[in-house]
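Can you make the complete structure from the sequences, with help from the hints?
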Amino acid sequence: MKPLRYSPPPAEDNKLAYLVENDIDLLGIMQKAHHPKAGGIVLFSGEVRNHHNEKHVTHLEYEVYIPLAEKMIQMIVSDAKEKWQLHFAHCTHRIGIVSICESAVVVVTAHAHRKEAYEANKYIIDRVKHEVPIWKNEFYEDGSSLWGGNCHCH
Amino acid sequence: MKTLYIQSFAGLKKYFGPTLEINAEVSSVGDLLKLLCERYPESSALLKASRVALNDIILSNDYNLNNHETIALLPPSSGG
Numbered sequence: 001m002k003p004l005r006y007s008p009p010p011a012e013d014n015k016l017a018y019l020v021e022n023d024i025d026l027l028g029i030m031q032k033a034h035h036p037k038a039g040g041i042v043l044f045s046g047e048v049r050n051h052h053n054e055k056h057v058t059h060l061e062y063e064v065y066i067p068l069a070e071k072m073i074q075m076i077v078s079d080a081k082e083k084w085q086l087h088f089a090h091c092t093h094r095i096g097i098v099s100i101c102e103s104a105v106v107v108v109t110a111h112a113h114r115k116e117a118y119e120a121n122k123y124i125i126d127r128v129k130h131e132v133p134i135w136k137n138e139f140y141e142d143g144s145s146l147w148g149g150n151c152h153c154h
Numbered sequence: 001m002k003t004l005y006i007q008s009f010a011g012l013k014k015y016f017g018p019t020l021e022i023n024a025e026v027s028s029v030g031d032l033l034k035l036l037c038e039r040y041p042e043s044s045a046l047l048k049a050s051r052v053a054l055n056d057i058i059l060s061n062d063y064n065l066n067n068h069e070t071i072a073l074l075p076p077s078s079g080g
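Chains A and B supply the protein sequences, listed in that same order.
Oh and the first sequence: position 134 is 134 in my numbering, straight run, nothing missing.
Oh and the second sequence: position 26 is 26 in my numbering, straight run, nothing missing.
Honestly, the hints are just simulated from the structure, not real lab data.
Each hint should be verified, as a subset may be incorrect.
DSS-like cross-link-like pairs, simulated, lysine-lysine; straight-line CA separation at most 27 Å [as the list claims (entries may be wrong)]:
(1) 83/A x 15/A
(2) 115/A x 81/A
(3) 55/A x 81/A
(4) 122/A x 71/A
(5) 15/A x 81/A
(6) 55/A x 129/A
(7) 71/A x 13/B
(8) 55/A x 2/B
(9) 81/A x 129/A
(10) 115/A x 129/A
(11) 37/A x 15/A
(12) 2/B x 13/B
(13) 34/B x 55/A
(14) 129/A x 48/B
(15) 129/A x 13/B
(16) 55/A x 115/A
(17) 14/B x 129/A
(18) 48/B x 34/B
(19) 71/A x 48/B
(20) 13/B x 34/B
So this is what it looks like as structure tokens:
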């Protein structure tokens, strides 16, 4: 059985990716978020920190179940857009190795008011973390590694 | 007798490897999970918390498996 390999979909004008192997283009996403009716734009960047449970982390590696992950991120973003009537919303998640101080996941939301932009942003990242089939493998300075898996919502 | 291909992710790979071929008399997803727990008892806690998918569909335990299907075992998410 051949392993699944990630192949990004063909580039389309104005189409932002949900999953990327390289650095997330935060500025690119922000540029698309500006909207004449949006008074508040919120950007969340989930970054790799160098410590967890008192251990020194060297890097993370993200694994993904591709057939479902993109579809679910898209659905969660769409749900948020409808629930808060957002002018813009997007989420991009890295896959593969992500280093300290790098963005593993970015969520951008735009609304007329910051209250809704903040609420919707949290809604998206919380759901992405809980529902989307993506897993982090955390690597430590002592050479060991441990899979995450703190979400037991389902 | 069915031949099924199991694709595992994250912590489940420790028990089943990234891919596993199973030949067994199983009808449903529930049967398959029960079989995996019996053959690999150390996997059962994580397996019971995991979702099961066929391509882009999450399967319920009563889904009837077809011969030669590739089933993905998805442990609790840890993205972000």
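Verification of the supplied hints:
Of the supplied pair hints, the one linking residue 83/A and residue 15/A holds, its CA atoms being roughly 22 Å apart against a limit of 27 Å. In summary, the hint linking residue 115/A to residue 81/A is supported, as the alpha carbons are separated by about 14 Å, within the 27 Å threshold. At roughly 38 Å between alpha-carbon atoms, residue 55/A and residue 81/A are farther apart than 27 Å, so this suggested pair is violated. With a C-alpha separation of about 19 Å, the suggested pair residue 122/A and residue 71/A falls inside the 27 Å cut-off, and the hint holds.
Only pairs whose Cα atoms come within 27 Å are accepted, and residue 15/A paired with residue 81/A is accepted, the gap being roughly 16 Å. Restraint check for residue 55/A and residue 129/A: the C-alpha separation of about 22 Å stays at or below 27 Å, so the hint holds. With a C-alpha separation of about 24 Å, the suggested pairing of residue 71/A with residue 13/B holds against the 27 Å cut-off. Between residue 55/A and residue 2/B the alpha-carbon distance is near 45 Å, which puts this suggested pair outside the 27 Å criterion.
A threshold of 27 Å between alpha carbons decides the hint, and for residue 81/A with residue 129/A the separation of about 18 Å falls inside it, so the pair holds. Distance restraint check for residue 115/A and residue 129/A: the Cα-Cα separation of roughly 21 Å lies within the 27 Å cut-off, and the hinted pair is therefore satisfied. Among the hinted pairs, residue 37/A with residue 15/A is consistent with the structure: their alpha-carbon atoms are about 21 Å apart, no more than 27 Å. Under the criterion of a C-alpha separation no larger than 27 Å, the hint pairing residue 2/B with residue 13/B is consistent with the structure, at around 22 Å.
Of the supplied pair hints, the one linking residue 34/B and residue 55/A is violated, its CA atoms being roughly 36 Å apart against a limit of 27 Å. Distance check on the hinted pair: residue 129/A and residue 48/B sit about 19 Å apart at the alpha-carbon level, within 27 Å; holds. Distance check on the hinted pair: residue 129/A and residue 13/B sit about 20 Å apart at the alpha-carbon level, within 27 Å; holds. A hinted pair counts as satisfied when its Cα atoms are at most 27 Å apart, and residue 55/A with residue 115/A does not qualify at roughly 36 Å.
Of the supplied pair hints, the one linking residue 14/B and residue 129/A holds, its CA atoms being roughly 22 Å apart against a limit of 27 Å. With a C-alpha separation of about 9 Å, the suggested pair residue 48/B and residue 34/B falls inside the 27 Å cut-off, and the hint holds. Distance check on the hinted pair: residue 71/A and residue 48/B sit about 24 Å apart at the alpha-carbon level, within 27 Å; holds. Taking the CA atoms of residue 13/B and residue 34/B, the gap is about 17 Å. The hint holds against a cut of 27 Å.
Figure legend: structure checked against the earlier numbered hints; hints not met, in rising order: 3, 8, 13, 16.
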